[in-house]
Amino acid sequence: SQQGEEDPQALSIQEGENATMNCSYKTSINNLQWYRQNSGRGLVHLILIRSNEREKHSGRLRVTLDTSKKSSSLLITASRAADTASYFCATAFSGNTGKLIFGQGTTLQVKP
Amino acid sequence: NAGVTQTPKFQVLKTGQSMTLQCAQDMNHEYMSWYRQDPGMGLRLIHYSVGAGITDQGEVPNGYNVSRSTTEDFPLRLLSAAPSQTSVYFCASKEGVGELFFGEGSRLTVL
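As given, the protein sequences belong to chains A and B, one line each in that order.
Start counting the first sequence at 1; every next residue gets the next number (my numbering).
Start counting the second sequence at 1; every next residue gets the next number (my numbering).
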């Protein structure tokens, strides 16, 4: 089974609202990453948070990591229609930092 | 830099046919990987490589072969295609524990 589980599977909000997506994982990690995918395109990296970090910011993105609960969240503030996409978390295992295992993703729709 | 280049972008096969999906990167990354993406399943890791001459299995390796003879190239081979292999395939590369750089995908249909 996949390492990461994301919820919600789908999220629909109005422009200007905040969007929060959650990711849970099963085993110890070296880092956790978030990616974005526009329809029909490849994935693009958004942010990486290491296992010894609790929070990270990048522009309108805020990522938190709780290793005791094995969970992470991605917050997009003041969303825009252009944020409409699928968002995936990916985990790099502690013992094997080579491979990244992805969750099933959250599809975000931001209505203008 | 072109980044990660996948070919072909689209392919239709008949059951039992073989083919190779090509992947090349020009960033001198040691790590390369192949994923497949199916509706509602997210991305699942097929095979990965941490350097030339080294490959390992991911989550769903059955039905696929890989090799890594150079740092730049990481082809994915389907020896006998099955309808269950209809999917979108993504190649990705990275350096160390950093971010993955993805190709634009190859859409494969097996009839």
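What the hints contain is simulated information worked out from the structure, not anything from laboratory work.
Be aware that one or more of the hints could be misleading.
Coverage of chain A stretches by chain B, computed from C-beta distances (three or more under 8 Å per stretch; other residues unrestricted) [to be verified]:
| hint | region |
| --- | --- |
| 1 | 28 to 38 |
| 2 | 66 to 79 |
| 3 | 86 to 95 |
For every residue, glycine included, the Cβ atom is placed at its ideal position computed from N, Cα and C.
Okay, the hints, checked on the actual structure:
With a cut-off of 8 Å between beta carbons, the region 28 to 38 of chain A has 4 residues touching chain B; three or more are needed, and the interface restraint holds. Given as covered by chain B, the region 66 to 79 of chain A fails the check, having 0 residues with a CB less than 8 Å from a CB of that chain where 3 are the minimum. Only when three residues or more bring their CB closer than 8 Å to a CB of chain B does the claim for the region 86 to 95 of chain A stand; here the count is 3, and the claim holds.
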